[in-house]
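**Q** Here is how the chains run, residue by residue.
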Amino acid sequence: MAEQIALEVTRFSPERDKVPSIQAFDVPLRKEWVVLDALNYVKDRIDGSLSFRWSCRMGVCGSCGMMVNGEPKLTCATFLTDYAPGPVRVEPLKNFPVMRDLIVEITDFLEKLSKVKPWIIRAKEKPLSEGEYLQTPDELDTYRQFSMCINCLLCYAACPVYGLDPLFAGPAALALAQRYNMDSRDEGKSERLDILSQHDGIWGCTFVGECTEVCPKHVDPAGAIQQYKLTATQEWIRSLLMPWGGKR
Amino acid sequence: MTTYTEYPPKGYRVRISTYWWLGRWAYLKFILRELSSVLVAWFVIETLLQVNALIGGPGAYQDFQGFLRNPVVIALNIISFFFILFHAITWFNLAPKAMAIRLGGKRVPAILIALPNYAAWLVASVIVAWLVLRG
Numbered sequence: 001m002a003e004q005i006a007l008e009v010t011r012f013s014p015e016r017d018k019v020p021s022i023q024a025f026d027v028p029l030r031k032e033w034v035v036l037d038a039l040n041y042v043k044d045r046i047d048g049s050l051s052f053r054w055s056c057r058m059g060v061c062g063s064c065g066m067m068v069n070g071e072p073k074l075t076c077a078t079f080l081t082d083y084a085p086g087p088v089r090v091e092p093l094k095n096f097p098v099m100r101d102l103i104v105e106i107t108d109f110l111e112k113l114s115k116v117k118p119w120i121i122r123a124k125e126k127p128l129s130e131g132e133y134l135q136t137p138d139e140l141d142t143y144r145q146f147s148m149c150i151n152c153l154l155c156y157a158a159c160p161v162y163g164l165d166p167l168f169a170g171p172a173a174l175a176l177a178q179r180y181n182m183d184s185r186d187e188g189k190s191e192r193l194d195i196l197s198q199h200d201g202i203w204g205c206t207f208v209g210e211c212t213e214v215c216p217k218h219v220d221p222a223g224a225i226q227q228y229k230l231t232a233t234q235e236w237i238r239s240l241l242m243p244w245g246g247k248r
Numbered sequence: 001m002t003t004y005t006e007y008p009p010k011g012y013r014v015r016i017s018t019y020w021w022l023g024r025w026a027y028l029k030f031i032l033r034e035l036s037s038v039l040v041a042w043f044v045i046e047t048l049l050q051v052n053a054l055i056g057g058p059g060a061y062q063d064f065q066g067f068l069r070n071p072v073v074i075a076l077n078i079i080s081f082f083f084i085l086f087h088a089i090t091w092f093n094l095a096p097k098a099m100a101i102r103l104g105g106k107r108v109p110a111i112l113i114a115l116p117n118y119a120a121w122l123v124a125s126v127i128v129a130w131l132v133l134r135g
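Protein sequences appear in the order of chains A and B.
Take 1 as the starting number for the first sequence in my numbering and just add one per residue.
Take 1 as the starting number for the second sequence in my numbering and just add one per residue.
None of these hints come from the bench; they were simulated from the model.
Hints may contain errors.
As the list claims (entries may be wrong) - Just so you have them, the derived chain B footprint on chain A, three or more residues with Cβ under 8 Å:
hint : region
1    : 21–29
2    : 42–52
3    : 168–177
As the list claims (entries may be wrong) - Quick list of in silico lysine to any residue cross-link-like pairs, SDA-like style, CA-CA up to 25 Å:
hint : chain 1 : residue 1 : chain 2 : residue 2
4    : A       : Lys-217   : A       : Thr-206
5    : B       : Lys-97    : A       : Ser-21
6    : A       : Lys-229   : B       : Glu-34
7    : B       : Lys-106   : A       : Glu-139
8    : B       : Lys-10    : A       : Gly-70
9    : A       : Lys-115   : A       : Leu-167
In this text, a Cβ means the ideal position worked out from N, Cα and C, and glycines have one as well.
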């Protein structure tokens with residue numbers, strides 16, 4: 001028989017259970033298998049009721065974020081062999097309410113994301129006949145890193161501030177706001193400033209920095225937030241010195 | 001029997017322990033960095049007290065030096081010194097994250113932002129050492 005590894009998975013049924021529990025499964029330990037393959041093996045062969053989210057299996061969709069041995073990970077990019085001889089503990093993403101087994105409720109993030117207006121805002125839209133809004137490679141380069149976010153929410157699971165204060169906007173939402181602030185085609189900076197410079201916005205961040213460490217796409221949300229703190233402070237000084245219209 | 005699921009179903013919220021920062025080195029380092037600000041404040045207060053003692057004349061300064069010789073104060077100052085080192089080093093290392101300076105279309109590398117901070121620190125330390133040690 002092929003080598004096996006123990007997979008310890010969180011089980012929770014909102015209809016049946018008061019608190020989540022851990023269930024162990026033995027799964028084949030294959031060199032090319034990631035944790036998501038092991039979960040699918042359990043679902044296909046052992047217990048079809050195991051619930052978890054996944055889609056692309058290639059680190060693009062951001063659906064399969066879970067805690068693997070206590071670390072926020074994309075399970076499609078986390079190899080079983082790295083945890084041999086095991087056991088591998090798979091739990092739902094930290095800091096979110098658990099809905100069922102490994103599925104968490106993320107409405108809170110989606111609401112926060114839309115609040116920071118992560119889209120290109122124009123004072124006046126150009127008519128279609130005038131063509132696209134052009135951008136040089138250098139202009140693209142200024143925000144490119146922040147645009148790589150796939151909303152996998154590993155950063156929220158790593159952020160103790162979000163865990164302790166659920167009102168905090170959180171790393172991904174703030175990084176995406178900064179992504180649009182830095183876009184040369186955007187004219188919505190001052191609109192976002194009022195939302196981002198609130199206490200629950202950038203100033204909620206205490207720069208623990210773990211969001212950046214766990215990000216599978218190297219977005220660096222912690223950097224984005226600190227850079228925006230600098231911008232917000234400059235804007236605040238400008239509004240003090242020029243109260244008649246210093247805000248850009 | 002089918003059971004009815006209310007919508008939206010109530011999720012289970014995991015309570016965060018008061019000691020969440022003990023479980024992970026990165027979190028502990030963060031808490032130590034936050035704590036270091038208290039000891040930075042202590043050094044500031046101590047310096048102000050020293051200046052105050054200087055203004056008070058030779059007697060007052062003698063008393064202040066007696067206070068500094070207290071083993072408890074010496075221990076506190078040694079601990080504070082290491083925390084301030086930790087504070088300064090982590091601060092300078094984080095500075096490049098907050099400062100995204102672009103020159104000629106490229107972002108200035110982190111080391112070039114951190115280095116001037118360290119250089120300024122070194123210069124300030126040399127000046128202080130010269131003032132203290134020259135006689």
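**Q** Which earlier hints turn out false for this structure, listed by number in ascending order?
**A** Result: hints 1, 2, 3, 5 break, sorted rising.
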